[in-house]
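Between the sequences and the hints, there should be enough to build the whole structure, so can you do that?
For the record, the sequence lines run as chains A and B.
Its first residue numbered 53, the first sequence is counted upward by one per residue in this note's numbering.
Its first residue numbered 10, the second sequence is counted upward by one per residue in this note's numbering.
Bear in mind the hints are in silico, worked out from the structure with no lab data behind them.
Backbone N, C-alpha and C define an ideal beta-carbon position, used for all residues, glycine too.
A few of these clues could be false.
[Stated by the list, open to error] Straight-line alpha carbon distances no greater than 30 Å define the calculated DSSO-like cross-link-like pairs of lysine-lysine that follow: (1) K160/A x K29/B; (2) K235/A x K778/B; (3) K180/B x K401/B; (4) K778/B x K297/A; (5) K779/B x K285/A; (6) K508/B x K590/B.
[Unchecked claim] Reference listing, derived: stretches of chain A covered by chain B, where coverage requires no fewer than 3 residues with Cβ under 8 Å from a Cβ of chain B: (7) 238-245; (8) 304-312.
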Amino acid sequence: MLSFDFDYYQPKSIEEAVQLYHALDREEKHPLYYSGGTEIITLGRLDLVYTNAVIDIKAIPECEVLGTQEGYFVTGSGLTLTAIEENNGFPLLSKAASGVADHTARNKITVGGNICGQIFYREAVLPFLLTDSKIVAAGMNGVRTEHIMSLFNKTLRLKKGELLVQLQTEKRYLNVPYRCVKKRPQWDTGYPLVTIAAIKAEEGIRVAFSGVSPFPFRSREMEKALNENGRIKERILASLQHLPKPVLDDVEGSSEYRLFVLKNTLFDILRELEEDHR
Amino acid sequence: MDYIGKSVIRQEAWDKVSGKAKYTADDSSPGILHAKLVVSPYAHARIKSIKTEKASHVFGVRAVLAGERFPLTGEEIRDRPPLATERVRYHGEAVALVVADTPHLAKKAADLIEIEYEPLPVVNNPTEALKKDAPLVHEQLGTYQKEERVYPVPGTNIANQTKIRKGNMEKGWAESEVTVEEYFSFSPSDHAAMETRCSMCEIRSNGDVVITSSSQAPFMIKRLIHEYFEVDIGKVIVETPFVGGGYGGKASIQLELLAYLACKAAGGRKVKLLNSREEDILTSPVHIGLDARVRLGSTEEGEIKAAELLFLFDGGAYSDKAADLSKAAAADCTGPYDIDNVWCNSLCMYTNHPYAAPFRGFSHSELLFAIERTMDSLAEKLGMDRLLLRYKNAIKPGDTTPTQVPLNKSNVGNLPACIRRLKEIIDWDEGVAKDIGNNKIRAKGVSCIWKTSTIESDAGSGVILTFNPDGSINLMSGIIEIGTGTKTVLAQILAERMKMEISQIHVQMEVNTQSTPEHWKTVASRGTFLAGRAVLEAAEDVIRQLKNIASCVLRAKASDLTVAFGKVFLRDDPSIGIDVKDIAYGYTFPNGNAIGGQIIGRGHYNLRHLTHMNKETGAGKPGPEWSVGAQAVEVEFDKRDLTYRIIRAVSVVDIGTVLNEMAAKGQVMGAMSMGLSFGSRETFKFDEFGRVMNSQLRTYRPIRYSEHPDYVVDFVVTPQVDAAYGARGAGEHGILGMPAALGNALSIAAGVKLNELPLTPELIWRVKKKEGFSDAFI
Numbered sequence: 053m054l055s056f057d058f059d060y061y062q063p064k065s066i067e068e069a070v071q072l073y074h075a076l077d078r079e080e081k082h083p084l085y086y087s088g089g090t091e092i093i094t095l096g097r098l099d100l101v102y103t104n105a106v107i108d109i110k111a112i113p114e115c116e117v118l119g120t121q122e123g124y125f126v127t128g129s130g131l132t133l134t135a136i137e138e139n140n141g142f143p144l145l146s147k148a149a150s151g152v153a154d155h156t157a158r159n160k161i162t163v164g165g166n167i168c169g170q171i172f173y174r175e176a177v178l179p180f181l182l183t184d185s186k187i188v189a190a191g192m193n194g195v196r197t198e199h200i201m202s203l204f205n206k207t208l209r210l211k212k213g214e215l216l217v218q219l220q221t222e223k224r225y226l227n228v229p230y231r232c233v234k235k236r237p238q239w240d241t242g243y244p245l246v247t248i249a250a251i252k253a254e255e256g257i258r259v260a261f262s263g264v265s266p267f268p269f270r271s272r273e274m275e276k277a278l279n280e281n282g283r284i285k286e287r288i289l290a291s292l293q294h295l296p297k298p299v300l301d302d303v304e305g306s307s308e309y310r311l312f313v314l315k316n317t318l319f320d321i322l323r324e325l326e327e328d329h330r
Numbered sequence: 010m011d012y013i014g015k016s017v018i019r020q021e022a023w024d025k026v027s028g029k030a031k032y033t034a035d036d037s038s039p040g041i042l043h044a045k046l047v048v049s050p051y052a053h054a055r056i057k058s059i060k061t062e063k064a065s066h067v068f069g070v071r072a073v074l075a076g077e078r079f080p081l082t083g084e085e086i087r088d089r090p091p092l093a094t095e096r097v098r099y100h101g102e103a104v105a106l107v108v109a110d111t112p113h114l115a116k117k118a119a120d121l122i123e124i125e126y127e128p129l130p131v132v133n134n135p136t137e138a139l140k141k142d143a144p145l146v147h148e149q150l151g152t153y154q155k156e157e158r159v160y161p162v163p164g165t166n167i168a169n170q171t172k173i174r175k176g177n178m179e180k181g182w183a184e185s186e187v188t189v190e191e192y193f194s195f196s197p198s199d200h201a202a203m204e205t206r207c208s209m210c211e212i213r214s215n216g217d218v219v220i221t222s223s224s225q226a227p228f229m230i231k232r233l234i235h236e237y238f239e240v241d242i243g244k245v246i247v248e249t250p251f252v253g254g255g256y257g258g259k260a261s262i263q264l265e266l267l268a269y270l271a272c273k274a275a276g277g278r279k280v281k282l283l284n285s286r287e288e289d290i291l292t293s294p295v296h297i298g299l300d301a302r303v304r305l306g307s308t309e310e311g312e313i314k315a316a317e318l319l320f321l322f323d324g325g326a327y328s329d330k331a332a333d334l335s336k337a338a339a340a341d342c343t344g345p346y347d348i349d350n351v352w353c354n355s356l357c358m359y360t361n362h363p364y365a366a367p368f369r370g371f372s373h374s375e376l377l378f379a380i381e382r383t384m385d386s387l388a389e390k391l392g393m394d395r396l397l398l399r400y401k402n403a404i405k406p407g408d409t410t411p412t413q414v415p416l417n418k419s420n421v422g423n424l425p426a427c428i429r430r431l432k433e434i435i436d437w438d439e440g441v442a443k444d445i446g447n448n449k450i451r452a453k454g455v456s457c458i459w460k461t462s463t464i465e466s467d468a469g470s471g472v473i474l475t476f477n478p479d480g481s482i483n484l485m486s487g488i489i490e491i492g493t494g495t496k497t498v499l500a501q502i503l504a505e506r507m508k509m510e511i512s513q514i515h516v517q518m519e520v521n522t523q524s525t526p527e528h529w530k531t532v533a534s535r536g537t538f539l540a541g542r543a544v545l546e547a548a549e550d551v552i553r554q555l556k557n558i559a560s561c562v563l564r565a566k567a568s569d570l571t572v573a574f575g576k577v578f579l580r581d582d583p584s585i586g587i588d589v590k591d592i593a594y595g596y597t598f599p600n601g602n603a604i605g606g607q608i609i610g611r612g613h614y615n616l617r618h619l620t621h622m623n624k625e626t627g628a629g630k631p632g633p634e635w636s637v638g639a640q641a642v643e644v645e646f647d648k649r650d651l652t653y654r655i656i657r658a659v660s661v662v663d664i665g666t667v668l669n670e671m672a673a674k675g676q677v678m679g680a681m682s683m684g685l686s687f688g689s690r691e692t693f694k695f696d697e698f699g700r701v702m703n704s705q706l707r708t709y710r711p712i713r714y715s716e717h718p719d720y721v722v723d724f725v726v727t728p729q730v731d732a733a734y735g736a737r738g739a740g741e742h743g744i745l746g747m748p749a750a751l752g753n754a755l756s757i758a759a760g761v762k763l764n765e766l767p768l769t770p771e772l773i774w775r776v777k778k779k780e781g782f783s784d785a786f787i
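In structure tokens, the structure reads:
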């Protein structure tokens with residue numbers, strides 16, 4: 053049960069959505085863009101989300117695009133994780149998306165919501181970080197396109213009232229060798245101790261992490277260490293020097309144990325990707 | 010008509026699968042008010058001030074309760090204020106309550122109540138609680154009203170202590186050539202029933218207090234509302250519709266008291282108090298935790314000579330049923346083994362944790378984890394086969410229990426037969442562990458189980474039978490349908506005895522304490538035993554009445570008549586008879602004369618010959634019979650990353666005659682899955698301040714559908730002579746040995762002693778690391 057009342061808006065265009073946001077903000081309605089609404093419901097009942105106006109983006113065509121356009125694979129922010137899994141045009145994204153929550157929840161959770169929400173695992177962002185994807189965001193000054201690595205630092209740094217419209221991924225990344233492994237405290241359900249996504253790009257292996265810190269990240273320093281010459285084990289140990297500190301220590305697992313799981317998982321991923329000569 | 014053993018489908022099955030079954034919270038009659046609790050964010054703190062003005066001024070708020078002293082409550086010791094006043098003693102404890110027109114308004118107002126706390130040092134586990142300098146959870150322990158046979162120790166955190174002194178320990182140790190000692194520990198956890206608890210109360214203008222509650226104990230609610238609040242007991246009416254899973258958690262009386270107080274404050278209007286999932290986990294009573302020490306001594310041949318046990322139960326902030334849980338553990342402290350010399354101290358400790366309710370198995374899966382892990386340690390030290398050690402010491406007719414009850418062929422099942430059957434099913438002779446390559450090991454762990462139900466010595470059950478004009482029978486029993494299908498089993502018992510179609514038996518599912526005969530509580534695997542006997546007696550009563558009236562109509566002695574197939578007829582000439590439907594409401598002769606009247610059958614059964622346990626030795630007969638069994642778990646363990654999967658879980662249980670095979674298997678299997686879930690992943694994570702850090706299903710995650718192993722359930726049949734058709738209790742037994750068998754399998758696979766729960770890969774990693782497991786990851 054939500055203890056706050058809110059108005060519902062369903063704009064048909066990006067411009068309308070953005071204007072609505074600012075108008076509602078001026079009225080101190082604490083507007084939120086939304087599509088699936090899972091966080092509004094589950095965190096709202098705990099008073100961790102508050103809004104008096106929700107702006108549904110499902111009727112905005114640009115937010116619902118999924119497929120190739122001019123050399124890019126375009127993922128609309130309003131697409132559900134289930135839709136992405138089923139489409140499978142970007143296999144790494146499908147894999148990362150399929151580990152989030154459970155199937156019923158993924159029928160509602162969207163890519164945009166997973167990346168911009170409060171729950172800090174945000175695993176859907178990992179494939180985009182690895183593939184240097186572009187962010188399409190819309191604000192009062194129109195639509196801008198930016199490299200994700202320049203906008204994403206722990207969270208997606210959009211300006212107030214900016215709407216995440218799409219993510220664009222160069223087509224050449226869609227079929228590179230990849231791995232995405234989620235390790236949970238026990239079996240198949242629950243948040244990750246560690247989720248590691250990795251691809252084998254032309255210049256070497258790229259890795260991005262969730263669960264290691266209270267935010268997802270891709271570290272170029274770690275990638276540099278992992279792509280040096282030497283035994284996998286030593287490269288991994290060297291790469292760990294560049295982990296954001298402290299490593300997460302919470303109900304899912306202690307930081308020391310997370311490191312143990314991280315090392316094992318990274319080892320398996322590197323070995324498999326390095327053996328993969330596709 | 011042969012219904013015993015048949016997998017008769019549950020009477021309420023269609024209602025449930027079609028979503029039409031009604032549960033307590035489904036009542037949304039117009040005008041109903043809604044209550045919302047404000048709970049403590051601290052595990053232990055002084056309440057400095059509570060400000061309720063803002064909340065009271067919210068439009069639609071009908072009452073605000075806070076800071077007022079209500080009578081202390083608690084089933085064994087009256088140590089618990091319904092709403093905390095000067096002090097809060099656990100994280101999530103109810104401090105204030107708002108009643109408003111809608112749930113929305115109630116929450117809005119509850120959020121406006123300002124409470125100032127001053128944190129106090131916390132008692133964060135039962136071992137700490139026992140220390141001399143531990144903070145006291147209840148400074149006034151000596152002043153509380155209590156039941157006669159509870160033994161708190163004022164000036165300490167001991168809420169109850171039960172002693173078992175059997176045989177001669179000196180002799181036992183002297184005869185022991187090999188001894189082992191192990192320590193165990195696990196935190197409280199939750200029942201996680203699908204339906205969160207809900208209670209409603211209305212006080213009618215004639216003073217009737219009508220409570221509807223998702224409870225396993227409506228008759229106890231009636232009694233306690235009367236005792237605590239001095240309402241005439243006849244004025245208290247409790248209704249219980251279907252209950253969506255209880256597992257013991259709904260045997261405790263808590264929300265009902267708050268709903269009553271809320272209703273009274275709101276002028277008697279109907280008030281609903283529905284737990285959110287977080288409240289259900291935090292505020293309402295939980296599954297008990299335990300710290301234990303077990304010492305066993307045996308001869309080199311594996312004959313166990315001595316057992317010394319210390320149980321420190323984490324009863325939490327209030328003793329309620331925890332005091333009883335610690336006693337039940339003492340009564341069966343040795344596990345199902347014949348041991349002549351036993352010393353056990355079972356203490357219920359106060360801590361600043363959520364307080365405990367019964368949990369499926371009533372402290373037995375907990376004590377058996379300690380015992381059965383130690384049995385494996387002993388087998389290892391003796392170099393003896395783990396099942397053989399258990400087989401050699403298995404409890405049998407002629408032996409005595411820790412409380413010195415002599416066992417016979419009826420009051421204990423056949424454990425050796427269970428072990429033999431288990432051994433075949435799990436291919437025990439192939440060995441306990443097998444390296445299957447790729448860093449993987451398969452290992453099997455075993456555990457034996459037993460349980461008696463240490464319920465009140467006069468606990469009873471009543472049944473009323475009435476007829477419909479078509480000769481079909483209505484069955485009224487105070488059993489709550491909590492998902493176990495017990496009410497269907499009662500219909501089977503009645504159909505069998507009346508030799509009639511089960512479709513002609515209509516079981517009243519909901520309970521109303523004003524019109525339904527009393528059943529003590531739907532707990533302790535006692536439903537079928539108590540109510541089953543009552544059904545049989547009621548059936549005899551009906552048969553007698555039918556024969557009496559038929560004897561007039563048929564002009565034959567009642568003793569020449571038989572009742573079957575919806576008829577009463579001459580035993581030696583079935584062609585002379587009369588339909589039950591023609592006499593169930595009396596009989597009218599062709600000339601208009603009428604005799605008899607509607608037939609109402611009644612039956613009851615109370616436990617008999619139970620005695621209280623002696624304060625100093627524990628001697629006494631705490632329960633009617635001991636069900637036994639043997640269980641196993643097979644795991645596939647990864648030596649490198651220390652993760653595992655459960656491949657197979659097996660139970661061989663002696664539940665006496667199996668009345669409904671699918672229902673019985675469902676009960677055992679369901680209990681096994683709960684045991685595996687508790688053993689492998691369910692626990693509260695407390696921080697250093699005693700706060701529960703995982704009070705949501707996001708972070709408190711019971712086992713899920715895809716994670717289940719293969720389940721194998723098999724039965725050994727040793728009928729209990731005095732039970733209906735020889736059936737023993739079956740509701741709990743599947744859970745009892747699962748944590749222990751899992752712990753044994755993983756200890757074998759990982760090569761370290763795993764004496765804590767839950768058995769997560771992180772626990773295995775932590776223990777292995779202490780033993781020098783290299784962090785090297787290849």
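Tested hints:
1. K160/A x K29/B: Roughly 26 Å separates the two Cα atoms, so the pair holds.
2. K235/A x K778/B: Given pair K235/A, K778/B holds - Cα atoms ~20 Å apart, limit 30 Å.
3. K180/B x K401/B: 20 Å, holds
4. K778/B x K297/A: Given pair K778/B, K297/A holds - Cα atoms ~23 Å apart, limit 30 Å.
5. K779/B x K285/A: 23 Å, holds
6. K508/B x K590/B: Judged against 30 Å, a Cα distance of about 15 Å means the pair holds.
7. 238-245: holds (count 6)
8. 304-312: Answer holds; 5 residues pass the 8 Å Cβ test.
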